[in-house]
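Number of protein chains: 2
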Amino acid sequence: MIDQNRTIQIAGSGLVGSLLALRLLQRGFNVKVYESRPDMRKSSISAGRSINLALSHRGIQALKSAGLEKEILENAIKMEGRLIHDLEGNLTFQAYSSRPGEFINSISRRTLNVILMDAIEKIKPNAIQFNTQLKKINSQSGIAVLENELKQSEEFTFDLLIGTDGAASACRQYFMEQSARLHFNYSQVFQNYGYKELTIPPGPNNKFLLEKNALHIWPRGHFMMIALPNPDATFTATLFLPYHGSESFEVLKNEDQLVTFFNTHFKDAISLIPHLTQEFFQNPTGHLYTVKCSPWHDADKVLLMGDAAHAIIPFYGQGMNCGFEDVFIFDQLLDQNPDWNSICKSFSEIRKPNSDAIADLAEDNFIEMRDKVADPVFQRKRKLEMQLEKQFPEYYSKYAMVTFRPDISYYDAMIKGRKQDELLMNICASEKSEWTESELKEIYNKLVNLSL
Amino acid sequence: MIDQNRTIQIAGSGLVGSLLALRLLQRGFNVKVYESRPDMRKSSISAGRSINLALSHRGIQALKSAGLEKEILENAIKMEGRLIHDLEGNLTFQAYSSRPGEFINSISRRTLNVILMDAIEKIKPNAIQFNTQLKKINSQSGIAVLENELKQSEEFTFDLLIGTDGAASACRQYFMEQSARLHFNYSQVFQNYGYKELTIPPGPNNKFLLEKNALHIWPRGHFMMIALPNPDATFTATLFLPYHGSESFEVLKNEDQLVTFFNTHFKDAISLIPHLTQEFFQNPTGHLYTVKCSPWHDADKVLLMGDAAHAIIPFYGQGMNCGFEDVFIFDQLLDQNPDWNSICKSFSEIRKPNSDAIADLAEDNFIEMRDKVADPVFQRKRKLEMQLEKQFPEYYSKYAMVTFRPDISYYDAMIKGRKQDELLMNICASEKSEWTESELKEIYNKLVNLSL
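As you go down the protein sequences, you meet chains A and B in turn.
Counting from 393, one number per residue, gives the positions in the first sequence under my numbering.
Counting from 393, one number per residue, gives the positions in the second sequence under my numbering.
Please note: incorrect hints may appear among the correct ones.
It does not matter which identical chain is meant; a pair holds if it fits inside one copy or across any two.
Claimed, not checked - The calculated DMTMM-like cross-link candidates involving lysine to aspartate or glutamate, where the alpha carbons are at most 20 Å apart (straight line), are:
id	residue 1	residue 2
1	528	569
2	838	639
3	645	752
4	744	546
5	744	472
6	737	639
7	456	823
8	527	569
Just so you know, these hints were derived from the structure itself, not from any lab.
If you're wondering where the values come from, they're calculated on a predicted model, not measured in any experiment.
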C-alpha cells in the first residue's frame with residue numbers, strides 16, 4: 393500500500409488541478425494547492441482561456457468519481473449535434489449519435505471551476521493558496537520556491553509536487569532546465585491560425601437567437617466560425633482565422649474590411665453580433681498550439697498532468713475531458729501500485745500514447761470542421777454512419793468512440809476510427825447516398841472484420 | 393544596398409560565430425562578439441563538445457571564402473573511408489569515394505577555433521569579449537543585458553544580434569519566451585544513447601596504432617564505437633551506448649563488467665586504450681539530441697544561426713559543416729538583398745528545409761553506422777555504388793552528395809539520395825555481388841531516370 397501520510401502539493405487550481413485536489417482530499421490525503429491567479433470567486437478576472445467547454449463522457453466519468461456530475465450537468469446545455477450554416481444561411485443538422493444519452497454539454501469554464509473549488513474547501517478550508525506563483529523547483533532537495541501575494545519568496549518542502557499549471561506550465565519549465573539529466577523530449581507546434589471571441593446576445597424575452605441544443609459551425613474552407621450556447625441565452629462565437637493570407641487577421645485592418653468580410657462569409661451571423669467591430673478589434677487574439685513532452689515525471693518527486701503535460705488544440709472538444717481522464721486514471725493507479733514511483737511511471741506509460749493520439753485527432757478535426765463538413769463525400773459518409781448506428785447500435789464511429797466511450801482509450805479509438813473512416817470514405821466516393829438494409833449489413837460486416 | 397554602418401553583435405564565438413564574425417569584419421562591418429567562456433587560447437578549458445570534427449566540402453567552401461582553408465587543412469588528417477572492425481578484429485575498408493579529392497578531414501575543434509579567433513583579432517583586436525554571458529534580450533527596445541567577468545550587469549544596444557551560441561542557446565531562450573508573439577515552433581528530441589570519449593595513445597616512436605587515414609568503426613548493432621585520428625598520433629575513440637538495457641551504461645557499474653564488455657565486443661581495441669576504466673568512469677557522459685525550431689529571426693533584430701537554430705546529432709559528420717554553410721549562404725545573401733529584414737527572412741527560408749534534412753539524415757545514419765555497415769545487403773550496395781562511381785564519375789551516392797557536393801543542397805541530396813538508395817537496396821537484396829559493365833550501365837540509366 394502507498395504511503396497515505398505523504399503530503400501532495402499541487403501547482404495550479406484550474407480544472408484538472410482542482411478535480412485532482414478534490415479526489416485526493418476525498419481519499420484522505422494531505423493536499424495543498426498553489427494558484428498564481430487571484431480567487432476567481434472574489435474577482436472579475438477571467439478563468440483563463442475562455443472558449444466554452446464541451447463536457448462529454450470521459451470528463452463526466454471523472455466528475456462522477458468525485459460525486460459532482462449531477463450538479464455540473466445541471467449547469468450545462470445539451471448539444472445534440474452540429475448545425476452547419478452555409479454561405480446562404482441554409483442549415484444542415486448532423487447529430488452526434490442516434491443512441492440515447494450520447495450528446496455533449498456546453499458549460500462555462502468558470503462555473504465548472506467554481507463548483508470544484510467550493511467542493512475542495514468544503515473538505516479543507518484554505519486548501520488553495522491564491523496569488524502564489526511557483527518560481528523554482530529542486531527535485532533532489534525536494535524544495536520549491538514560491539512568490540506570494542506580497543511578492544515575497546516562500547520556500548516549501550514537497551514529497552510529491554504535481555504540476556497542473558496548464559499549457560504554459562512553470563513546473564514543465566523545471567523539466568526543460570533539467571533536459572540533459574531527464575533526456576526531456578519536448579515539442580510545441582503553433583497552428584497558423586488565431587482566434588477571436590465574439591458574443592451573440594439573447595433575443596427578446598431572453599430567447600436564444602439560434603437553435604439552442606446544437607454546436608453551430610460556419611465552415612469556410614480555410615477559416616471557420618463556431619458558436620456554443622450559454623445558460624443566459626447568449627452564444628459565444630469563436631472565429632478561427634489564419635494570421636496571414638488573403639482572408640486573415642493581417643488584412644482585416646478596419647471596420648469596413650471587417651464588415652465586408654462578414655457580409656461575404658457569415659451573412660446570417662452578422663446581424664446577431666451587435667458589437668462585432670468593438671469585440672474584433674479589442675478582444676485579444678488567441679493562439680492555437682499543441683505541446684507534447686516526455687517524461688512527465690522526475691522519479692516520485694514531480695509529475696506533470698493535464699495541459700502541462702499535453703496541451704492540445706480545441707477541435708475535438710477533448711482538452712478538458714482528457715485532463716479529467718488523467719485524474720480518473722491516476723485515481724485508479726493509487727489502488728493498483730505499491731509505491732509513488734510506480735504510480736508516476738504507470739501514469740506516464742498509460743497516458744502518453746493516449747494524449748498523443750487525442751492531440752493528433754484534434755489537429756485532424758480542425759481540417760474536418762473548417763473544410764470537410766461541407767464536402768459532399770464527407771456528408772454522405774456522415775449520413776451512412778448515422779444509418780449504421782441506427783441499424784447496429786453497437787457500431788461506433790471514430791467521433792463517437794472518442795466522445796462517448798471512455799472504456800475505449802484515445803489511442804485505440806484513433807487506430808480503429810481511422811481504419812473505419814478509410815473504408816467508409818472509399819464507399820462514399822461514389823455518389824450513392826441511400827443504402828438498403830442488406831447493403832448496410834454488408835458494410836457493417838466489413839467494419840467488424842477490419843484487421844486492427 | 394544594405395546599411396554598412398550597422399553594428400552587428402554576435403553571441404557566441406564558437407566555430408560558427410567566429411567564422412561569421414570574421415567574414416563580416418572582412419566585409420567592413422562593425423562587429424562585436426560576446427562569449428560566455430574564457431579565452432581558450434589562454435586557459436586549459438575544453439573547446440566545448442570535444443568529439444573530433446570531420447571537415448568536408450561544405451565547410452571547406454565556407455573557410456575558403458574567408459581565405460583560411462589552406463592553413464586549416466594543414467592541421468587536419470585525411471580520412472579516405474570507413475575502416476570496419478568486426479568482432480574478430482577483421483578489417484573491411486569502405487572508401488568514401490573513388491574520385492580524387494573526395495575524402496574527409498579529421499580536425500580538432502580547438503585548433504580550428506583558435507585559427508578563426510586569431511584571424512578575427514588580426515582585423516579587430518578585442519573584437520571578442522570573453523567571460524560575458526548573455527542574460528536578457530529585448531528586440532523591441534534593441535537592448536540586451538550581459539553579465540561580465542565580475543558578475544556585473546552591462547547593457548548594450550543592438551541593431552542586429554546574431555545568436556551563434558550553440559545547441560543550448562541563450563538567444564533561442566528569448567524566442568521561447570516570445571513563443572506566442574512569434575508563433576515559435578520548437579522541438580528537442582533525445583536519443584536513448586549517451587557517449588563516452590576514450591583515448592588511444594601513440595605507439596612507439598609516435599606511430600599511429602591504427603590505420604591513420606581512416607575513420608574507424610566498430611558497429612555492434614545496438615551500440616558502436618568509432619575512432620578518429622589526431623595529428624599527435626593519438627586517436628579519440630567514442631563509445632555510443634544506450635542508457636538502459638542489457639548492454640548499456642546502466643549495467644556497466646564496475647571495472648570487471650566494463651572489461652568483460654570490451655573483451656566481448658571490442659577485443660581488438662581494449663589493449664589500445666590503457667586508461668579505459670579511469671576514462672569510462674571519470675569522463676562525463678555526453679548526450680545526443682536534435683533541436684529544430686522556426687522562425688529563426690525576430691524581424692531584422694535577432695537571428696539564430698548554427699546549432700542555436702538547428703542542433704543535430706554527429707553521425708553524418710555535418711554539424712560544423714552545416715553551420716559553416718549557414719555563414720557561406722548568409723554571406724551571399726548580403727549581396728543579394730536590399731535590407732536586413734529580407735536577408736534574415738531569405739536566410740531562414742533557404743536554410744530551414746536544408747537543416748531539417750541534414751538533421752533527419754544524421755538520425756538515419758546513426759542506424760546505418762551502428763547496424764547496417766555490417767549487413768551483407770548494405771555491403772553489396774556499398775560495393776555496387778563504388779563500381780558505379782568508378783565507371784560513371786558523374787554518379788554521386790547520397791553520402792557523396794551530402795559530403796562532397798555543396799552545389800547540391802542538403803534537401804535535394806536527401807530526396808535524390810533516398811530514391812537512389814531504395815533502388816540500389818532492392819537490386820542488392822539478391823545475393824549477386826558482381827556486375828558486368830553492361831549491367832552497371834543499365835543500373836546507372838535507371839538511377840539517372842529516377843523521377844524526383
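Hint check:
1. For the identical chains of this complex, residue 528 and residue 569 are neighbours both inside a copy (11 Å) and across copies (17 Å), given an alpha-carbon limit of 20 Å.
2. For the identical chains of this complex, residue 838 and residue 639 are neighbours neither inside a copy (42 Å) nor across copies (46 Å), given an alpha-carbon limit of 20 Å.
3. In the homo-oligomer, the alpha carbons of residue 645 and residue 752 never lie at most 20 Å apart, since the shortest distance is 33 Å inside one protomer and 41 Å across protomers.
4. Taking the shortest alpha-carbon separations for residue 744 and residue 546, neither the intra-copy value of 33 Å nor the inter-copy value of 44 Å comes in at or below 20 Å.
5. Taking CA atoms no more than 20 Å apart as the test, residue 744 paired with residue 472 passes in neither setting, with 30 Å inside one copy and 45 Å between copies.
6. Proximity of residue 737 and residue 639 under a CA criterion of 20 Å is satisfied in neither setting, with 46 Å inside one chain copy and 22 Å between copies.
7. Taking the shortest Cα distances, residue 456 and residue 823 never come within 20 Å of each other, neither inside one copy (44 Å) nor across copies (64 Å).
8. Within a single copy, residue 527 and residue 569 get their C-alpha atoms as close as 13 Å, and across copies as close as 15 Å, so both meet the 20 Å cut-off.
Hints 2, 3, 4, 5, 6 and 7, counting from the list given before, are not met by this structure.
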